[in-house]
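Colleague: Produce the complete structure using the sequences and hints provided.
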Amino acid sequence: MGTTQAGIVGGSGYAGGELLRILLGHPEVEVTQVTSRGMAKKFVTAAHPNLRKRTTLKFIHPDDLQPCDVLFLCVPHGSAASQAATYTDLATVVIDLSADFRLSSNDEYQQWYGWKHPDLDMLGKAVYGLPELHREEIAHANYIASPGCMSTASILALYPMMMSGLVDPAMPVVVEAKTGSSGGGGEAGPATHHPERSGVIRSFKATGHRHTAEIIQELTQKGCDAPNIAFS
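If you count the sequence shown from 1, position 73 lands on 63 in this note's numbering, and the numbers rise without skipping.
Calculated from the structure, these hints are not laboratory results.
Predicted model, so just to flag it, every value in this text is computed and none were measured.
Note that beta-carbon positions come from the ideal geometry of N, C-alpha and C, so glycine has one too.
Heads up, some of the hints might be wrong.
Subject to a maximum C-alpha distance of 25 angstroms in a straight line, what follows is the list of computed DSS-like cross-link-like pairs (lysine-lysine) [to be verified]:
no., residue 1, residue 2
1, K31, K48
2, K43, K32
3, K31, K43
4, K32, K48
With beta-carbon atoms standing in for the labels, derived distance ranges [unchecked claim]:
no., residue 1, residue 2, range
5, T197, G155, 37 to 43 angstroms
6, F33, M161, 51 to 57 angstroms
7, E20, G213, 37 to 43 angstroms
8, A160, L80, 47 to 53 angstroms
9, N218, P121, 23 to 29 angstroms
10, D79, T197, 37 to 43 angstroms
11, D53, A160, 49 to 55 angstroms
Modeller: Written as structure tokens, this is what we have:
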């Protein structure tokens, strides 16, 4: 098997930087391009100094993307939905780290995200990228939607219990999940900036967290009774 040529769209943020770190250590992957609108032509180590001596790549503008084997999307939620066709024309496989194709229906996006999905065709083709549930589909997929962090932990915990009949579907399932300050991305704000969040526990979307939709979707598609999720 030859080396897989990989590109990263939106590589200057936390997710893009961590992905790049992992890929640089993969023996069968060569990262050939990393995009950033604001840091185009600058070394990627300007954004990720922890990668010094590991790469000499420079950021390129997204408009300068070239074809590759696999393209990772580390873009804000809502960005990939309108550009999926462009990305699939450039790469054999697209792996989207945003939430834009995690849900399988437009109705769900309208209910949980408040917007009409612009690419219904791809919405029906994207594969939910949780290998414990979709290993075969992922192996043959052209577009993979990476699951949310909280939903991944919740699904992996609940699925075996529900399939074994250990969860009463009539009773609420309480999911209390916590994430660190980097989970909010690199844009500073009262709810995301590390000095504001360090050592503090804050409730987020205690009534209507968007990852609830992913949990219910995946569990029911795999034959579980629809759980009554109380998520925060």
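Colleague: Holds or violated: are the alpha carbons of K32 and K48 at most 25 angstroms from each other?
Modeller: Roughly 5 angstroms between the alpha carbons, so the hint for K32 and K48 holds.
Colleague: Taking 37 to 43 angstroms as the hint, is the beta-carbon distance of D79 and T197 inside that range?
Modeller: Given range 37 to 43 angstroms: holds, Cβ gap about 40 angstroms.
Colleague: Given the proposed pairing of K43 with K32, does the C-alpha separation stay at or below 25 angstroms?
Modeller: Judged against 25 angstroms, a Cα distance of about 15 angstroms means the pair holds.
Colleague: When you check the alpha-carbon spacing of K31 and K43, does it fall within 25 angstroms?
Modeller: Roughly 18 angstroms separates the two Cα atoms, so the pair holds.
Colleague: Lying within 37 to 43 angstroms: is that true of the beta-carbon distance E20 to G213?
Modeller: 40 angstroms, holds
Colleague: Look at the Cβ atoms of F33 and M161 and judge whether their distance stays inside 51 to 57 angstroms.
Modeller: With Cβ atoms ~54 angstroms apart, the hint holds.
Colleague: Between the alpha carbons of K31 and K48, is the straight-line distance 25 angstroms or under?
Modeller: 6 angstroms, holds
Colleague: Looking only at beta-carbon atoms, does the pair D53, A160 fall within the given range of 49 to 55 angstroms?
Modeller: 54 angstroms, holds
Colleague: Just to be sure I understand the hint, the distance between the Cβ atoms of T197 and G155 should be within 37 to 43 angstroms; is that true here?
Modeller: Hint violated: Cβ distance 29 angstroms, outside 37 to 43 angstroms.
Colleague: Okay, N218 versus P121 on CB: inside 23 to 29 angstroms?
Modeller: 27 angstroms, holds
Colleague: Does the beta carbon distance between A160 and L80 stay inside 47 to 53 angstroms, or does it fall outside?
Modeller: Cβ of A160 to Cβ of L80: about 48 angstroms, so the range 47 to 53 angstroms holds.
Of the numbered hints given earlier, the model fails hint 5 alone.
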